[in-house]
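Participant: Got chain R sorted already, so can you dock chain F onto it with the hints?
Chains R and F supply the protein sequences, listed in that same order. With my numbering applied, the first sequence covers 1 to 548. With my numbering applied, the second sequence covers 549 to 801.
No wet-lab data here; the hints were simulated from the structure. Model, not experiment: these values are computed from the prediction. A couple of the hints might just be wrong.
As the list claims (entries may be wrong) - Mimicking DMTMM-like on lysine to aspartate or glutamate, the simulated pairs with C-alpha atoms at most 25 Å apart in a straight line are:
no. : chain 1 : residue 1 : chain 2 : residue 2
1   : R       : 307       : R       : 465
2   : R       : 442       : R       : 212
3   : R       : 242       : F       : 702
4   : F       : 741       : R       : 238
5   : R       : 463       : R       : 308
6   : R       : 312       : R       : 27
7   : R       : 463       : F       : 657
8   : R       : 242       : F       : 752
9   : R       : 463       : F       : 661
10  : F       : 741       : R       : 212
11  : R       : 442       : F       : 752
12  : R       : 312       : F       : 661
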Amino acid sequence: MVDYFGAYFGALFGGLYNILPFSTHGEAAFFALLLGVAIGFAVGILPGLGGAVALALMLPFTFNMEATQAFAFLLGANAVVATTGDITSVLFGVPGEGISAAVIVDGHPMAKRGEAGRALGAVLMSSLVGAIFGALVLALAIPIVRPLVLALASPEFFMLALLGITFVATLSGGNMIKGLTIGAFGLALAMIGWDPIQGVPRFMLESVFGQDRTLFLADGINFVAITVGLFAIPEMIDLAVKGTGIAERGAGKLGGVMEGVKDTFRHWSLVLRCSALGAYIGIIPGLGGGPAQWMAYAHAVQSSPNKERFGKGAIEGVLGPGAANNSKEGGSLIPTIAFGVPGSLSMAILLGAFIIQGLVPGPNMLDPHTPIRPDMAALGEFVPSGLELTFSFVWILIISNIITVAVCFLFLGYLARITEVRGALIIPFILLLVYLGGFATKNSPEDLILVLVFGMIGWLMMKYDWPRAPLLLGVVLGRIAETNLFVSTQAYGDFAWLARPGVIIIGLIMLASLFYPMFQDRRERRRQQHLAAMDQQPLGQPGPADDC
Amino acid sequence: MGSLDRLMTVRESVEDLLKKALPPGVADRLPRVACALFFPILFAWIIWESLFGFGQSSSRSAVFPLAIGIPALMLALGGVALELRSRGQRHENVPIEVEPHLEDAVTLEPGVERRRTIAAMAWIVGFYLAIWLLGFMIAAPLITLLYLRIAGKEGWPIAVAGGVFSWLFFDGLFDGYLHIPLSERLDGLFVSKIEEFSGAAISESFSLPATWLVGHIMALIKNPLYFDLPVIVALVSILLVRRILRWRARMSA
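The shape of chain R in the complex, shown without the other chains:
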C-alpha cells in the first residue's frame, strides 16, 4: 500500500516535471502546450469552431512529437476552447462552440445590461475552478474509476438522457408546458436523418425537396447551425432595431470584472456542485459537453430561490455552466484513458493521438512503473511511465487553463469594451461569422439555409415567449436517448430494464424534478394569498393564522 502511494505521488510530480521547461523534453512539451493554448484560444473565440474541429486540424502535426509533447499540444488546445468559447457567448450571444450555448442564456443579457465585465470575470473564474476541479477528479478517480463506470449500463444512460430532458421544464422560466413542448421539438429535430439503428431515412422531406437536396440531413441535423441561428440571428435583429451597441447601457467599468470573480467565491457551493456535475457527466461516455452545461444550468435554476431572474442575466446562470463546461474535460478523460471509451467527440479524436503514438489506453496508462513504450525506452529515449503520462494530462488541464484565464484577465477590459462598439459596425462581421460557423462544421452549403430558418424560428420564439434553451437540450440528447433505449430493450427485454435499481432511482429524481417546481409554485401562491389576506385584516382583529 505504502509502495503504491509512493509510486502514485512520484508519478504525480513526475507528470508535472515532464511538462515544465526544466529539462529538454519538458521544454519541448511546455512550448507545445503554449502553442496549443494559442490555437485553442483562437478557435474558441471563433463562433462555430469547437474543440473537436481544433483537434482534428491539429492531429496530423503530432506525428513527429514525443508522447508528452503531443498530448500537451492537443489537450492544451482542447482545454481552453471551452473557456474562450464562453467569451463569445457572453459578448455577442453567439456560442464560440456548440457546447457554450448555455452561458448565453444569462451571460449575454448581462452584457446587454452593461455588465459584460462582471459576466466575463464570473465565467472565466468559474471555468478555472471547474477545470482545476475536473483535473483533481481525474487524479483522484484513477484508483476508483472502474467500479464507477461499470455500475452504469444503457438503461441508466437512457434514463440520464430523459432526466436531462425533464430539466427543460425548469429551463423554461415557469411555463412547464411550453418548455416541454420545445424540448420535444428538439428531440424531433434530433430524429431527422438516417435512424441510428437501422439506417432508415426519417423526416428528411426528400419527397418535397428531392433526394440530392436533402442528403446533407442524412447524418443528422447540424447542431451548430441550429445554435448560431437560434441565438445569434435574433440578437442581430435586436441590435439592428435598437441601433445601439451590444451593451445598451455601456460596457460598465473594469471593476465589474473583480465583481464577477468575487461572485464565483460568493456562490462557491454552486460552482463546486456544478463542477462535480460536469465531471460526472464527462465520465459517462457519449453524453459530452452539451448536456453537462445544460444540466449545470438547470441545477443552478432549480437550486435558486429566485427562478424568475434566470434568462434575464442571473449570475448563477453564468457560473454553473462555466464551471461544468471545464470540469467535464477532466471527467471525460477518465473513460478515455482507463477503458479507451471516449467520453466525447473531442476525446474520440484524442484516441487517434493514442494510436499515432503507439499507446494503448487501459491498465497500461495507470501503471506507475512500466514505460508506456518499452521499445523506445530500450533505445535510450525519454519515455514516461503510463501513470506519469496520465498525471501529465492532469497538469496540462490545470496549467493551460491558468495561462488562458490570466491572459483573458489582462485583456478583459478591452474585450468588454467591444460591446460598446456601434451595432452597425459589428453586425456584418458577426453575420458572416454566423454563416461561416454554420457552414464550417460539416462544410455543407445547405446548412446556411438551416441557419436562416432557425434564425427566424428563434426570433419568433423570442417574440412570443417560447423558451429557446430546451430546444438545444432536446437536440443534444435525442440521439443518445434513442440509441440507449434501443440497446436497453434489446439487451434486457422490452420492459425488464425498467426494474434496474439505477433506473428506478433516476426515474424518481426525474419525477421529483417535474413536480417539485409545481409544488413550490403552489406553496408560493398560497403564501402570497395568505399575506394578502393578512394585509386586508384591520388592525386589532385576528387574521387567518391566529385562528389556529
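Facilitator: Coordinates of chain F only, in the frame set by chain R:
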C-alpha cells in the same frame, strides 16, 4: 413611397380588418396562437409519418418518434389552449426605450421598431442571397461594404475599411490560410456560371491577394524579425490610414 412603406401599409390595413372582424382581444392574440399551432401540426405529422410513412417499412425506427410524438402532441395542444386563454402581451404596442439612463434617451415608436425589424431581416436574407449567388469570397467584402454604407450609414472610408478587413479576414485567413473550403463549396451560383462560361477563375483571383497578404502577416507573427517588401507596404499603409483618419478628425472638429 418605398416598397417597405407599402408593405407596412398593407400589413396595418390587414391588422385593422382582423380587429374589426374578430371579437375584441382575439386579433392581438392571433400571431401568438398561430405560433403555438405550429407545434401540434408538427407532432401530428411526426406521428403520421411514423405510422404510415417510413414506419411501414421499419417499425423499429418508428418506436422513438411515436414515444416522443404522442405525448408531445398532447403538450402542444395544451400550449395552444394556454395561448388562447392568455390575455396576450402586446409587445408591439409598447415603445422600446433605448439607453434610458442617458439624457438623450431614444424611444422607438412601434412603427419604427417594425420597420427596422423588417429591414434587419431583409439584410439577413440578403447576406444569404449574396453568399448563394456570388460565393462567400466575393460576397463577404461586398456585403460588408454595402451594409456599412447603407444600413450603418457610415462614411465611405469606414465602409471601405470594413470591406477590406472582411476580405482579408475571410478570404485570406479562412480560405487561404486555414483552408476552410469556402471557394470550393461556397462558390456562388452566379459566379460559377460566369466562370464556367468564361473559363476564368474569378473567386480565386479575387482572394489570391488576400491570401498572399495574410500569409505575410502570419509569417510576421511567427517570426517578428521577418521583414520584407509586403510587410513594409502594409506598415506604410497602416501609417497612411492613421494619418488620414487623424486629418479627418481634425477637419471635422
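Participant: Looking at the structure, which of the earlier hints fail to hold?
Facilitator: Hint check: 4, 6, 8 fail, others pass.
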